[in-house]
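Peer 1: With chain A fixed as given, assemble chain S onto it according to the hints.
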Amino acid sequence: MTKVAVLGGGSFGTTLAHTVASAGRACTLWSRDEEVARKINETHRNPRYFQDRPLSPDLRATSNLEEAAKDAPLVVVAVASSGFREVARALGDFVRGDQVILSATKGLEPRTHKRMSELLREETCAKKVGALSGPNIAREILDGQPAATVVASRFRDAIELSAELLHAPRFRIYGNDDLLGVELAGALKNVIAIASGVLTGLGLGDNARSLLITRGLAEIQRLGVKLGADPLTFSGLAGIGDLLVTCTSPLSRNHRVGAGLAKGETLEAIVERLGEVAEGINTARVCKELAAEHGVAMPIAEGVYKLLHEGLAVRDALEDLMQRRPRYEAIDLDYSFEVPRR
Amino acid sequence: MRAEDKERAVTEVVARVLASARDAKAVEAAVADTIYHERRRLEKEKPSRSRDAALRSWDDRKRRLVSESDEQTKRELLSEIATDFAREVLGNFDPRVYHYSTKLLPLMLSGLLNATSPTRILKNLPELPSVKDRVIVDGEIEVARELKERGTLIVTPTHLSNLDSIVLGYGFYDQGFPPLTYGAGLNLFTNPLISYFMHNLGAYKVDRRKTARVYKDVLKEYAAVSLELGYHNLFFPGGTRSRSGAIEQKLKLGLLGAGVRAYVNNLRGGREKPNVYVIPVTLSYELVLEAETLIDDFLKEVGQHRYIIMDDEFAQPLRIYSFLNRIFELDSRIYLTLGSPLDPFGNSVTREGISIDGRGRAIDTTRYVLDKSGKPAPEKLRDEEYTRELGEKLVTAFHRNATVMGSTLLAFVVFEMLRANEKDADLYRFLRASEGDLAFADVSRETEKLRVRVEALAAEGKIRLDDRIRGRGGDDLVLAGLRALGIYHNRKVVERRGDRIVPVDRNLLYYYRNRLLGFDFEKDLSRNGAEAKASALTEGASARLRSPGEVPA
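Heads up: the sequence lines are chains A and S, in that order. Counting from 11, one number per residue, gives the positions in the first sequence under our numbering. Counting from 42, one number per residue, gives the positions in the second sequence under our numbering.
Extracted from the complex, chain A is given alone in its bound form (with noise of 0.2 Å):
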């Protein structure tokens, strides 16, 4: 019977059932294309994703639903935000309350400003959700290279089944009881990330890396703390360990789309050019509403969304970050002071 049941047949889907499906436990990946849940089956190989991998021989693969997730006592769901409230709503036709479910997407609603958690409480009748987050580039994980993730939940039981299930020789499990925390984290680091890849695209070097990525966490922490977060969840591995691993490697898709930008190719061209859903370019419109909303200083995700969403250049972009007022780093001190300009 199946144990672990994961909704998705992406590269980071893909990824993890791989993993639990080789640590020797029964695993079902459900992938609304039946051609790829055949392909899986048949060739033990994703026909989109790491064509050159083979898969676990043990990974069984479905394009139904109910089949896949009906019993399972963990589920992990990774489909796009955009697909994810669809998915969810279906799953609650035959969820049940004992079932542990997490999400491993990064990405908030539109409009809504909703966690994918949240989506699952609404559309399901499982009270026992969570999230899956941390930096956990698919590629080097399926490659059997050390990582860690954080599952998060407010249910301890829920945080310990899943480290039971998903746990594997080289992929580490963290508990976290701040499931807020944990999904802000891991939404709003995708909108950093593309600054991080227009600074690469500029072709510029470390210590401004160094500086997006301490500002850039001071600010999503401001916002993720002004929610309701745990600042100290910002610290741990879903908070500026994935912002590290998106923002310095060339493999992340946010990363992809600023440094397209900084080419001056168009967000069109980009967009269709990497195939997979970039969550950081609607997560900047989610961000920047809820900035407002809140009223939390976030310059560089102000920057980004302008950049995505207004046709701001990118040199301006940096100018402007650049020519802010002086002010101290602290990031409950919101003051800063006057310098004489030349």
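Because the hints were derived from the structure by calculation, they are not lab data. We put the CB at the ideal spot given by N, CA and C, even for glycine. There's no promise every hint is true.
Claimed, not checked - Derived CB-CB ranges, DEER-like:
{"#": "1", "chain 1": "S", "residue 1": "Arg541", "chain 2": "A", "residue 2": "Leu277", "range": "55 to 61 Å"}
{"#": "2", "chain 1": "A", "residue 1": "Glu132", "chain 2": "S", "residue 2": "Gly310", "range": "31 to 37 Å"}
{"#": "3", "chain 1": "A", "residue 1": "Glu77", "chain 2": "S", "residue 2": "Arg392", "range": "31 to 37 Å"}
{"#": "4", "chain 1": "S", "residue 1": "Asn462", "chain 2": "A", "residue 2": "Arg121", "range": "32 to 38 Å"}
{"#": "5", "chain 1": "S", "residue 1": "Arg360", "chain 2": "A", "residue 2": "Gly305", "range": "40 to 46 Å"}
{"#": "6", "chain 1": "S", "residue 1": "Tyr469", "chain 2": "A", "residue 2": "His123", "range": "34 to 40 Å"}
{"#": "7", "chain 1": "A", "residue 1": "Arg121", "chain 2": "S", "residue 2": "Glu187", "range": "34 to 40 Å"}
{"#": "8", "chain 1": "A", "residue 1": "His123", "chain 2": "S", "residue 2": "Glu496", "range": "27 to 33 Å"}
{"#": "9", "chain 1": "S", "residue 1": "Glu112", "chain 2": "A", "residue 2": "Asn74", "range": "55 to 61 Å"}
Peer 2: Quick look at chain S alone, frame taken from chain A:
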């Protein structure tokens, strides 16, 4: 509680308290903690024979705890202590007296006065109209009526006044409900007459001065046990009366958790009707008996709050009498509004007693409480999470079912407008200020705007409003509000002087205004204010109105 159930309840409560102390160390710690807290409490009391006897008995227990070393003796000691607490809590309940008491309840309110002033009461009694016309029970009463047959109810009301439990007891009796078991503070038992009625309305005694862990466990377990025995319970999830006047935002979850515990035990015991249903109730008054004392306490410096207030308006029968008279004189209603029922996990429940998810699909709630082996079992942390979620749903329900009254509407507008004019002052300075007034016409306009906004929100089912303010014009609303706010308290809250509206008691103004917090009306008013300012500038009219700034809650 019926006599035969009472012995069962005591035994069961004591057994559970003992079971929660797993080993010898835990037993010793529980006993030592109780001795410490009880001795400390008693030492602070005025010397009396009963106090001295109690102290001696704790000294004796202390000696026994120290001299005996085996676990069995220590367990017996714990059992003895828990049994004493349980018996003290349970008190007496006689169903025949219940029936009799509820019938007399309207009279009892005035009967209270007999204790102090028989002549006064006799003189005024004929003028007292019936309580029945004043207490309006509305909302999902029919659903609750169905559910009481399908399972056990936990009625969870907001808490403003010590009159709440009497009003609730009466309202539910009048609607044909069986008595609600509830814990009432000792101060409600000090008057022998009221104490008699309280007991017989299903009240059990809660002594909030007792802070020992064992005592609190006895209370919590008693709530669960009585639910399991099929007694509908009443919990005030806010813990105490709202000091600020605002609707409860944070709840005390300890007692509320009895819902899940009882449900799990019912499943384990294979009971026929295992379900527990939570009924949110919002109480809305035009005036609040103890408003002056409560807001005073709220405004005391941090750390000086009194958790237990023994000497407030409720302890003054004449004050209660005057309060009731004013309510009658105003032709005012007390609303007791039942919200949609919830299960102990915070899910909605249908009239048929079935829990449903956000999309209306039936939920098998037994699944929430299975342990690893697939059997229903309690799990402390898990169940606390469920209770936390239930608490969040209750807070939402409290707001949706609040009824806006003329007094709160006017208080809100006047407070926000004044605050906007004096926004540089911190809250405390603002409340102490004696200058400052408003133009009647401005207040009238803003009050009508807010009334329109309230009605729009009511149409969405997010709040309710008193019929007597629906559709009314600004001047009417202001006059009705002034009348209510001027009739009962020692000082008027606000008054009219010519064409000016003048705050007289700003603390009370703040108190009544706070009832409408949590609906974002502040923002509406500030938008309105900004518009008014713009038009004032163009028309050259009154420029006094400024947009209100943030008000610290």
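Peer 1: For the pair S/Arg360 and A/Gly305, does the Cβ-Cβ distance stay inside 40 to 46 Å?
Peer 2: Given range 40 to 46 Å: holds, Cβ gap about 45 Å.
Peer 1: For the pair S/Glu112 and A/Asn74, does the Cβ-Cβ distance stay inside 55 to 61 Å?
Peer 2: 57 Å, holds
Peer 1: Hint says 31 to 37 Å; check whether the CB-CB distance for A/Glu132 and S/Gly310 agrees.
Peer 2: The hinted range 31 to 37 Å holds for A/Glu132 and S/Gly310, with Cβ atoms some 34 Å apart.
Peer 1: Per the hint of 27 to 33 Å, is the separation of the Cβ atoms of A/His123 and S/Glu496 within bounds?
Peer 2: Between A/His123 and S/Glu496, where Cβ atoms are some 28 Å apart, the hint holds.
Peer 1: Falls inside 34 to 40 Å, the C-beta gap from S/Tyr469 to A/His123?
Peer 2: 35 Å, holds
Peer 1: Do the beta carbons of S/Asn462 and A/Arg121 sit within 32 to 38 Å of each other?
Peer 2: 37 Å, holds
Peer 1: If you check the beta carbons of S/Arg541 and A/Leu277, does the distance land in 55 to 61 Å?
Peer 2: 59 Å, holds
Peer 1: Taking 31 to 37 Å as the hint, is the beta-carbon distance of A/Glu77 and S/Arg392 inside that range?
Peer 2: 35 Å, holds
Peer 1: Can you let me know if the beta-carbon spacing of A/Arg121 and S/Glu187 is within 34 to 40 Å?
Peer 2: 38 Å, holds
When held up to the earlier numbered hints, the structure conflicts with none and fits them all.
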